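Novice: As a plain string of letters, each chain reads:
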Amino acid sequence: MSHRLPASEGEVLDRTKTLPFTWNGKKLEGFEGDTITSALMANGHHIISRSMKYHRRRGALTADYWDPNTTVQVGDEPNVRASHRKLEAGMQVSAQNVWPSLTFDIKAANRLVGRFLTAGFYYKTFMKPAALWPTYEHVLARFAPGGEVDLDTPHGRYDKRFAHPDVVVAGGGPAGLSAAIAAAEAGASVMLVEHEHRVGGHLLWGTEQDRARAAELAAAARTAGVEILTNATVTGRYEDNWVAISERSHPGVIERLIKARAKTLIVAAGTIERPYVFEGNDLPGVMTSGAVRRLITMYGVKPGTQAVVFSANESGDAAIDDLRRAGVSIARVVDALTGERIVSATGSKSRVKEVLLDDGAKITCDLLVTAVGWTTPTSLLNMAGDRPVYDANAARFFPAGAPDNVLATGGMIGDGALDDLLEHGRSTGELAAGRAAVVRHRLQAATARAEAVNGPEPAYPPDERVPLDRWPHPELFRAVTHGIVDYSEDVSSKDLYSAAAEGFDSVELIKRFTTATMGPSQGKLETVNTVAVLAQAKGDSIADVGTTVWRPPYAPISLGALAGRINEPTRRSVIQPWHEANGATPILAGQWVRPDHYGDPAAEVRNCRENVGIIDVTPLGKLDLQGPDVPKLLSLLYTNKWMQLPIGGVRYGIMCAEDGVVLDDGVTARLGEEHYLMTTTSSGAARIWSWIEMWLQTERPEWRVHVTPLTTGLTSINIAGPNARALLGRLTDIDLDNDAFPYMQVRQGTIAGVDGCIAWRIGFTGELSYEIHVPSGHGLAIWERLLADGDDLGVKPFGLEAQRIMRLEKGHFIVGQDTDGLSKAPVTGLDSLLRLDKDDWAGMPEVRWSLESRDHPVLVACQPDDGTVVPEEAAQILRSGTNEIVGRITSSRMSPTLERSICLAQVDRAFADAGTSLEILLVDGRRITATVNEHHAHFDPEGERLRG
Amino acid sequence: MASSVSHLDPMPKVSIRAADDTVAAQALGLAFGSAEQRDDTLVVRIRPDEWILLGTGALALAAELDLSGYASTVDITHARHVIRVTGTHAADTLAKLCSADFDEAMTPNGAAWGNSIAGVTCDIVRDDHGGERSYLLLFDGSFVAYFLGVLEDAAGEFSSDS
Numbered sequence: 001m002s003h004r005l006p007a008s009e010g011e012v013l014d015r016t017k018t019l020p021f022t023w024n025g026k027k028l029e030g031f032e033g034d035t036i037t038s039a040l041m042a043n044g045h046h047i048i049s050r051s052m053k054y055h056r057r058r059g060a061l062t063a064d065y066w067d068p069n070t071t072v073q074v075g076d077e078p079n080v081r082a083s084h085r086k087l088e089a090g091m092q093v094s095a096q097n098v099w100p101s102l103t104f105d106i107k108a109a110n111r112l113v114g115r116f117l118t119a120g121f122y123y124k125t126f127m128k129p130a131a132l133w134p135t136y137e138h139v140l141a142r143f144a145p146g147g148e149v150d151l152d153t154p155h156g157r158y159d160k161r162f163a164h165p166d167v168v169v170a171g172g173g174p175a176g177l178s179a180a181i182a183a184a185e186a187g188a189s190v191m192l193v194e195h196e197h198r199v200g201g202h203l204l205w206g207t208e209q210d211r212a213r214a215a216e217l218a219a220a221a222r223t224a225g226v227e228i229l230t231n232a233t234v235t236g237r238y239e240d241n242w243v244a245i246s247e248r249s250h251p252g253v254i255e256r257l258i259k260a261r262a263k264t265l266i267v268a269a270g271t272i273e274r275p276y277v278f279e280g281n282d283l284p285g286v287m288t289s290g291a292v293r294r295l296i297t298m299y300g301v302k303p304g305t306q307a308v309v310f311s312a313n314e315s316g317d318a319a320i321d322d323l324r325r326a327g328v329s330i331a332r333v334v335d336a337l338t339g340e341r342i343v344s345a346t347g348s349k350s351r352v353k354e355v356l357l358d359d360g361a362k363i364t365c366d367l368l369v370t371a372v373g374w375t376t377p378t379s380l381l382n383m384a385g386d387r388p389v390y391d392a393n394a395a396r397f398f399p400a401g402a403p404d405n406v407l408a409t410g411g412m413i414g415d416g417a418l419d420d421l422l423e424h425g426r427s428t429g430e431l432a433a434g435r436a437a438v439v440r441h442r443l444q445a446a447t448a449r450a451e452a453v454n455g456p457e458p459a460y461p462p463d464e465r466v467p468l469d470r471w472p473h474p475e476l477f478r479a480v481t482h483g484i485v486d487y488s489e490d491v492s493s494k495d496l497y498s499a500a501a502e503g504f505d506s507v508e509l510i511k512r513f514t515t516a517t518m519g520p521s522q523g524k525l526e527t528v529n530t531v532a533v534l535a536q537a538k539g540d541s542i543a544d545v546g547t548t549v550w551r552p553p554y555a556p557i558s559l560g561a562l563a564g565r566i567n568e569p570t571r572r573s574v575i576q577p578w579h580e581a582n583g584a585t586p587i588l589a590g591q592w593v594r595p596d597h598y599g600d601p602a603a604e605v606r607n608c609r610e611n612v613g614i615i616d617v618t619p620l621g622k623l624d625l626q627g628p629d630v631p632k633l634l635s636l637l638y639t640n641k642w643m644q645l646p647i648g649g650v651r652y653g654i655m656c657a658e659d660g661v662v663l664d665d666g667v668t669a670r671l672g673e674e675h676y677l678m679t680t681t682s683s684g685a686a687r688i689w690s691w692i693e694m695w696l697q698t699e700r701p702e703w704r705v706h707v708t709p710l711t712t713g714l715t716s717i718n719i720a721g722p723n724a725r726a727l728l729g730r731l732t733d734i735d736l737d738n739d740a741f742p743y744m745q746v747r748q749g750t751i752a753g754v755d756g757c758i759a760w761r762i763g764f765t766g767e768l769s770y771e772i773h774v775p776s777g778h779g780l781a782i783w784e785r786l787l788a789d790g791d792d793l794g795v796k797p798f799g800l801e802a803q804r805i806m807r808l809e810k811g812h813f814i815v816g817q818d819t820d821g822l823s824k825a826p827v828t829g830l831d832s833l834l835r836l837d838k839d840d841w842a843g844m845p846e847v848r849w850s851l852e853s854r855d856h857p858v859l860v861a862c863q864p865d866d867g868t869v870v871p872e873e874a875a876q877i878l879r880s881g882t883n884e885i886v887g888r889i890t891s892s893r894m895s896p897t898l899e900r901s902i903c904l905a906q907v908d909r910a911f912a913d914a915g916t917s918l919e920i921l922l923v924d925g926r927r928i929t930a931t932v933n934e935h936h937a938h939f940d941p942e943g944e945r946l947r948g
Numbered sequence: 001m002a003s004s005v006s007h008l009d010p011m012p013k014v015s016i017r018a019a020d021d022t023v024a025a026q027a028l029g030l031a032f033g034s035a036e037q038r039d040d041t042l043v044v045r046i047r048p049d050e051w052i053l054l055g056t057g058a059l060a061l062a063a064e065l066d067l068s069g070y071a072s073t074v075d076i077t078h079a080r081h082v083i084r085v086t087g088t089h090a091a092d093t094l095a096k097l098c099s100a101d102f103d104e105a106m107t108p109n110g111a112a113w114g115n116s117i118a119g120v121t122c123d124i125v126r127d128d129h130g131g132e133r134s135y136l137l138l139f140d141g142s143f144v145a146y147f148l149g150v151l152e153d154a155a156g157e158f159s160s161d162s
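Chains as they are written, first to last, in the working numbering: chain A, 1 to 948; chain B, 1 to 162.
Think of the hints as simulated: they come from the structure by calculation, not from any bench.
Source: prediction; values computed, not measured.
Positions of the beta carbon are idealized from the N, C-alpha and C atoms, including for glycine.
Mixed in with the good hints there might be a few duds.
Claimed, not checked - Not everything, but these chain B residues come out facing chain A in the computed CB check (under 10 Å): (1) GLY29; (2) PHE32; (3) GLU36; (4) SER72; (5) SER99; (6) VAL144; (7) GLU152; (8) ALA154; (9) GLY156.
Unchecked claim - Some chain A residues well away from chain B (every beta-carbon gap over 12 Å; in silico): (10) HIS164; (11) GLY252; (12) LEU443; (13) LEU710.
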């Protein structure tokens, strides 16, 4: 560690813990507490990356979270911020996007054609010949910046958390800490978020007294009960102070997203030191004053041996002191306040070598430090609606006004001695707590479940804070030469001039054309310089040019953190474990895990047609309806008539949305005088419950109907096949005789000794079938009884696939499969159910119009003329000999019963008549013909089997 | 105990729907959003016109109600399952999965409300035991395998007292 300074007060290193790591394969060592960058620099490695486009050598610029020049690959993780990421033992760190090596990078040849790679070149090149685009694309992809993603990397563990603090403080510098302490001491719950690894802000690399003050503040915050999150960033502020926080320091997870609903947000993001634009400003060894101060004081790194310091403020002066303390020779102080300026810098292969001043002097050095002013990171305030205003006297933008529940403090809004900043922070914290208390009172008063509020609502505190001063600062943005403005995107001031000359002369346009400010630091280092250069190019003022609009995220957030834990709810019937234990292949149908088949769906179909099968249809939506106005509700929801349904009766119905599109279908039974049981499609249960409640709560509140979902409460089993009656008859006291219990009827009774069971004489398979609904606690036992007691009847379970085959044989359509989001009810062809003689029903006007216009497609059954070919579902149906699409296959299967392929299809009306020949385009490009059936049912169109 | 998740044994549960002016509503009482233990039954007024009775006495209590007027009952014993989350970090566990504010003032002991937890619609009852934070989660039983897994995963962070 050749560039490591002796241990000193203020460093954050634990020199008793040495951490081995590798850099581009070379073994190195650092200390616990090092960042990757500080460890590399301590070992004499000053070139850490190559720039994105021109592959220029780059070294640390700011040596903090925002450093654009120190992005590296760590193991299989690309794009790691080396100036922020803590060093860990065994890390394999490498430069990214270089070939063959960081020191000899052939991609740097881009510089030779640099004049063709100006900003926006990609909008103008690679256009012709068009046929070469795939080649261009292939080559360009090899030049894509960033690290390498290993697709085999296991998905890491991310997490999420909700929070409802009274006050969120974004920024853990002195003002933020002071605000947090004051708010907590005023009784508020406070969450303080600091994106660096420790709180204290600039005090951490300040004087001994500064550091002691930082420690006192941190201790006081903990004592006050402030929840302190370090290595965490407030990435966005949304409506009603919904604040997104990315926390990278939570144990056990890579990153955690905290969704905080802050009653008051305090933004105390401080200021960010601005780089200076000049020729050679991206050479390794050119750094901000803050960078050298952090490296020396916190990390014990000697950043160079001979320095030129270009200073316009006290930070530059402090850097000079620190450099001297570290044994760095000061070759020249260029005092900006007296009008001295630097012009350009030149470098060797490894770093800056010489600085040219405007008086013509050439100073030899290996370190050039700039202290030219500050940028106010107002992003979070902008997200709350604030638009910053430029103050030429202070040479930076300031917030102009945010909502009452968003307050700013600290360097963002002015300057002052430490005590001034602390006092402003304190008064901001008290104000935030007072305003949060009002919000809390209102929330509590408006929430039924909350504790009763204690006393009247507190008065809303006015903002009576004493504003901070704004210290004058020279406007220093660019030298007389051109240099890099956006280090991440390799955009120079010359690029900005060119773009402005091309007409991209608004800050929003130039941002998009050149990509300046769109890199990983999201404009924190670049925006103001971009604005200043554009103002120069246009001859405008900075105030007139204004800034771009800052949007979330404040800093990049990983996709993993946004995804969080992958929680996708799944549902299972009580019989599902049995299915899987007995060889069923599970399939996810909506949220339900169901048995697709037990090995041979065709055999399951044949057994059902010849003997008897049972299927678990628990996912079928079931809604208990009670009340005197249920018939009115059913008449409103369904297209057919319901006012006269007798007790014990069952009726099928179609529901439409108000645009006439088929919403759902199912059967509803009348169990008692004012008691009904509605069934819906499996995936439609929640939607229909919500649909019903919408009607009852908003449109017909006077109707007396209670709706209770019972989907899971009743295990549903369909018993289908010629032996269904015999099988069920062995377990129930319900009279199953065809006259006593005919088709489309419902009965209640005992099954396998269990009271409260319901049996429906309905079916989806076209066979004689009973659908039994039994209390779920008994579902598995009854399923097993059916199998045991029906063994001699040939009973076997069947799965979803067999059911779908049989329903297709029978011509029953499935909502969402054979209909889509445009299919109005007349598409189904069930015109007799569309009763226009009722007073009203949901969707009736649209359906009436559709029926009258007769221009809708029609659902038909068809059979390929070659019965061995099964057209793919969604295959197009074409007008013969043309490419004109006249329909599509909606369902298709090979029928085990008919031993041929069968289909349902939606076709234009002109192709819907029985006997019409259809031309179907298969996925492989072949065209086959099919013939439209007379009925939807391919099998038993008269329904003799199900009524038998 | 930091945070424990337990799937409670099946118990009778009844949903009562009753308009304000009914005898049943008067008999059940309670403020909307609150719960109260009455002998062996937890009575929860989960929505303005809906009570859930939970416990061994639920069916008997429901059977005693005068359902004249606009009132009805549905036995939801088999439809809903109950999970209890208990411990000093019970609220922290739920806060990983649920957007509700678990602050003492917003959801005191006895509070009841509906919320989504990890995508599952739940009725939540703050039901402290022996001075320890505890929440009952009533939900559609078909989610139980998924839901238990998610809750145990969330509670894992608080597996030891801290």
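Novice: For every hint, state whether the structure bears it out.
Specialist: Cross-check of the supplied hints:
{"no.": "1", "hint": "GLY29", "result": "violated, 15 Å"}
{"no.": "2", "hint": "PHE32", "result": "holds, 5 Å"}
{"no.": "3", "hint": "GLU36", "result": "violated, 13 Å"}
{"no.": "4", "hint": "SER72", "result": "holds, 4 Å"}
{"no.": "5", "hint": "SER99", "result": "holds, 5 Å"}
{"no.": "6", "hint": "VAL144", "result": "holds, 8 Å"}
{"no.": "7", "hint": "GLU152", "result": "violated, 12 Å"}
{"no.": "8", "hint": "ALA154", "result": "holds, 8 Å"}
{"no.": "9", "hint": "GLY156", "result": "holds, 9 Å"}
{"no.": "10", "hint": "HIS164", "result": "violated, 4 Å"}
{"no.": "11", "hint": "GLY252", "result": "violated, 7 Å"}
{"no.": "12", "hint": "LEU443", "result": "violated, 7 Å"}
{"no.": "13", "hint": "LEU710", "result": "violated, 6 Å"}
Of the numbered hints stated above, those contradicted by the structure are hints 1, 3, 7, 10, 11, 12, 13, listed in ascending order.
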